[in-house]
Amino acid sequence: TATRAQSGLLERAGSAGVAVLATGGVASGPGPGRPGPLQDETLGVASVPSQWRAVQGIREETKSCQTASIATANASAQARNHVDAQVQTEAPVPVSVQPLSRYDVPRLAAFLRRVEAMVIRELNKNWQSHAFDGFEVNWTEQQQMVSCLYTLGYPPAQAQGLHVTGISWNSTGSVVACAYGRLDHGDWSTLKSFVCAWNLDRRGLSPRQPSAVVEVPSAVLCLAFHPTQPSHVAGGLYSGEVLVWDLSRPEDPLLWRTGLTDDTHTDPVSQVAWLPEPEHSHRFQVLSIATDGKVLLWRGVGAGQLQLTEGFALVMQQLPRSTKLKKHPRGETEVGATAVAFSSFDPRLFILGTEGGFPLKCSLAAGEAALTRMPSSVPLRAPAQFTFSPHGGPIYAVSCSPFHRNLFLSAGTDGHVHLYSMLQAPPLTSLQLSLKYLFAVRWSPVRPLVFAAASGEGDVQLFDLQKSSQKPTVLIKQTQDESPVYCLEFNSQQTQLLAAGDAQGTVKVWQLSTEFTEQGPREAEDLDLLAAEVAT
Amino acid sequence: NEAEEILNRIKNHKGVVGILVVNSEGLIIKSTFDEQQSDLHATLLTQLSDKARDVVRELDPQNDISFLRLRSKKHEIMIAPDKEYTLIVVQDPYAHKDSS
Chain A
-12 TATRAQSGLL ERAGSAGVAV LATGGVASGP GPGRPGPLQD ETLGVASVPS QWRAVQGIRE
48 ETKSCQTASI ATANASAQAR NHVDAQVQTE APVPVSVQPL SRYDVPRLAA FLRRVEAMVI
108 RELNKNWQSH AFDGFEVNWT EQQQMVSCLY TLGYPPAQAQ GLHVTGISWN STGSVVACAY
168 GRLDHGDWST LKSFVCAWNL DRRGLSPRQP SAVVEVPSAV LCLAFHPTQP SHVAGGLYSG
228 EVLVWDLSRP EDPLLWRTGL TDDTHTDPVS QVAWLPEPEH SHRFQVLSIA TDGKVLLWRG
288 VGAGQLQLTE GFALVMQQLP RSTKLKKHPR GETEVGATAV AFSSFDPRLF ILGTEGGFPL
348 KCSLAAGEAA LTRMPSSVPL RAPAQFTFSP HGGPIYAVSC SPFHRNLFLS AGTDGHVHLY
408 SMLQAPPLTS LQLSLKYLFA VRWSPVRPLV FAAASGEGDV QLFDLQKSSQ KPTVLIKQTQ
468 DESPVYCLEF NSQQTQLLAA GDAQGTVKVW QLSTEFTEQG PREAEDLDLL AAEVAT
Chain B
4 NEAEEILNRI KNHKGVVGIL VVNSEGLIIK STFDEQQSDL HATLLTQLSD KARDVVRELD
64 PQNDISFLRL RSKKHEIMIA PDKEYTLIVV QDPYAHKDSS
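In the order they appear, the protein sequences are chains A and B. Residue numbering for the first sequence follows the working numbering, beginning at -12 and increasing consecutively. Residue numbering for the second sequence follows the working numbering, beginning at 4 and increasing consecutively.
Be careful, since some hints might not be right.
Partial pick of chain B residues on the chain A-facing surface, computed with a CB cut under 7 Å [said to hold, decoys possible]: (1) E5; (2) A6; (3) I9; (4) H16; (5) K17; (6) G18; (7) E79; (8) M81; (9) A83; (10) D85; (11) Y88; (12) L90; (13) V92; (14) Q94; (15) P96; (16) Y97.
Hints are computed from structural coordinates only; laboratory data are not their basis. Note that CB positions come from ideal geometry on N, CA and C, so glycine has one too.
Just chain A, with the same shape it has in the complex:
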C-alpha cells in the first residue's frame, strides 16, 4: 500500500524521472527500462497465523465426577475373656558344655594320616612366612589424636564451688554420671550436693543440662553404676551413708539408703562398688569402704533399707607382717581404707588402698574375727591376707588388671604409680607421674599395657608400657588453671571414650586415638613377661 501511495504522489508531481522511480517499486528483475539489482524494493506483507494456544482459544468442555457414596454401618465389639500374662527377661543361664563324643578309632586314625602332611606343611609355611609382616587391616575409622568430645557441667553445682568427686559409666556405656562434693580438707557436713547424669546417645544433648539430677543432702564422695541395671547408681556420702538411686524415676529417685545406724560408717565413704551375690550371680550387693577401717556389704531389703550382710574391719595388729610398717603415730588401731579394686579373675579377691600408703590383698572368704570394738549387727572379720610395700603417702586409687590375674596399680599422694604383682611385696615398677598428688589410676579395658592416671596438676596421663615405661605417651591437659583432676573412668562398651572430672566441676569426655583402643597381636603375652619379672 505504501508503494501505491508513493506512485500517486509522484505522478501528480509529473516528472519523467519520478515515473522511473515509481515503476522501480514493482518487484521484478532487471530488464530494459527497469532499474538495476541493487535497488530498494518493498514487498507485500506476509503474515503467519499464531500457534499460541491463548490466541487460538481454549477448547472447553464441561465434565463432572462424583465419588460413589460410601456405605457405612455401625457395629460394636467387646472382648469377653481376657487373660493377664507377664513377661520377664531372665539373666542368661550359662550354656552347658557337651561332653566328648564317641568315635571310631581306626577311621579317625585314617583321617589323621590323610591330613597330617598337609597340615604340617601349612604350619611350617606359616612359621617361616613373611607374607603378612607389616600388613595391617583397619576396621575402624582411624583417630590420630585425642580430642575432647564433650565438656559437661551442672552450673548450680559449679556456682557453689563443688568438685566432681566421682564418675561412673552405666552398664550400656551410654550414660555418664558424676557426683559433686568437695575433696579438700574441711568440714563439709552441711554441704548439699548433686548427682548428675548425661545420656550421650540422646539427640539434643545439652552439656549444661544433665538428663537426670538428684539433690543430695550431703556431699557425695564416690559413685558407681549397677553392672546390669542401666539406671541404678550407688553413692557414698560425707556423712558415711550409702545411697542407691534409680535415675529413671525423676520424681523420687532414692531407692535404698543405709540410714544412720550403728552399722553405718563413721567417716566419709571413700568408695562404693557393686558385687554379685555369692549364690545368685545376677543379683548384686553394694560394698562400701571408709577411713574408719570398715569394709561393709549391703543388700537392699524391704522399704528402701540397705541392710548390712557382711562386714570387715582393718585392725593394725591383724595386718599380715609381710612388710615392716611404721607404727601409727596416734596409736589408733583402725586402718583407714581409701580405695578398693576387685580382681577380674577371682571374684572374692580384692585389693584395698589404705591411708598408711600400703596396699592390702584381702579376701571376702576370710574367716578370722576382727579385734575391734566398733559396734556392728554382723560379726566383723579381718580380711587382709598380704601387705605390700607402702607408698610415701596415702593411696587414693587402686586398679586390678583385667588381663593379668596378678597385676594391679596403685597411686597416691606421693605422686607415684606403683605396679605390683600379688606374688611379692615390693612393687615391680614405681613411676613418678606428678609432683603433686595422683587422684585416680585405671587400667584400660582393651589394651593390656595401657593405663590412665589423673593428677593434681590438672592433667590426665595415658601410659603405654609398650611404648615407654618412663614417661606418659599422651598428656591431656584437662584444666586450664592446673586445678586437679579428681576422677577418671574408661567406658568399657565404647572403648574409645574416657571421662574425667575435675575441681572446677566439669566432666570432660575424651575420645582416644586408635592406638589406645586396638590391641596389638602380642600384647597379652608382653604383659605376662612384665608380670614375670618377679624378684626372686
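Chain A is fixed; fit chain B onto it per the hints.
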C-alpha cells in the same frame, strides 16, 4: 595309638596354640582347649567350614574344598575338612618374633 601320636606331633609343632577334631555333625572328638573355648571353636568353625565348602561348590560344581585358612590379627586358624571328621589347628605365627 596312631591317632594320638599324630595329634601330638601337630600339637607340639612350633607356635600351635591348640587343636580340635570334630565329626561331621560338629561334635567334639578331641580338643586341647578348655570346655568353653572348645565349644565355641567347634560350633563356629564347622559353620564356617560348611559355608566355605558351599561357596567353592557353587562357584564350580566340579570343585570341592581341600583346606581353609583364616588369618586374624593374633592367630591363624587352619581347617582340614573331610567327609567324616574335621581337623582344626590354631597357630600363633608371631610366637617366635618377640624382638621387644
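A quick look at each hint next to the structure:
1. E5: This interface hint holds because 5 Å falls under the 7 Å limit.
2. A6: holds (4 Å)
3. I9: Constraint on I9 of chain B satisfied, holds at 4 Å.
4. H16: holds (5 Å)
5. K17: It holds, given that the least Cβ distance between K17 of chain B and chain A is near 5 Å, below 7 Å.
6. G18: Nearest chain A Cβ about 6 Å off; hint holds.
7. E79: holds (6 Å)
8. M81: For M81 of chain B, the interface hint holds, since the closest Cβ of chain A sits about 6 Å away, which is under 7 Å.
9. A83: Cβ of A83 of chain B sits 4 Å from chain A, so the hint holds.
10. D85: holds (5 Å)
11. Y88: holds (5 Å)
12. L90: holds (5 Å)
13. V92: holds (6 Å)
14. Q94: holds (6 Å)
15. P96: Result: holds, 5 Å to nearest chain A Cβ.
16. Y97: holds (6 Å)
Comparing the model with each earlier hint shows no violations; every hint is respected.
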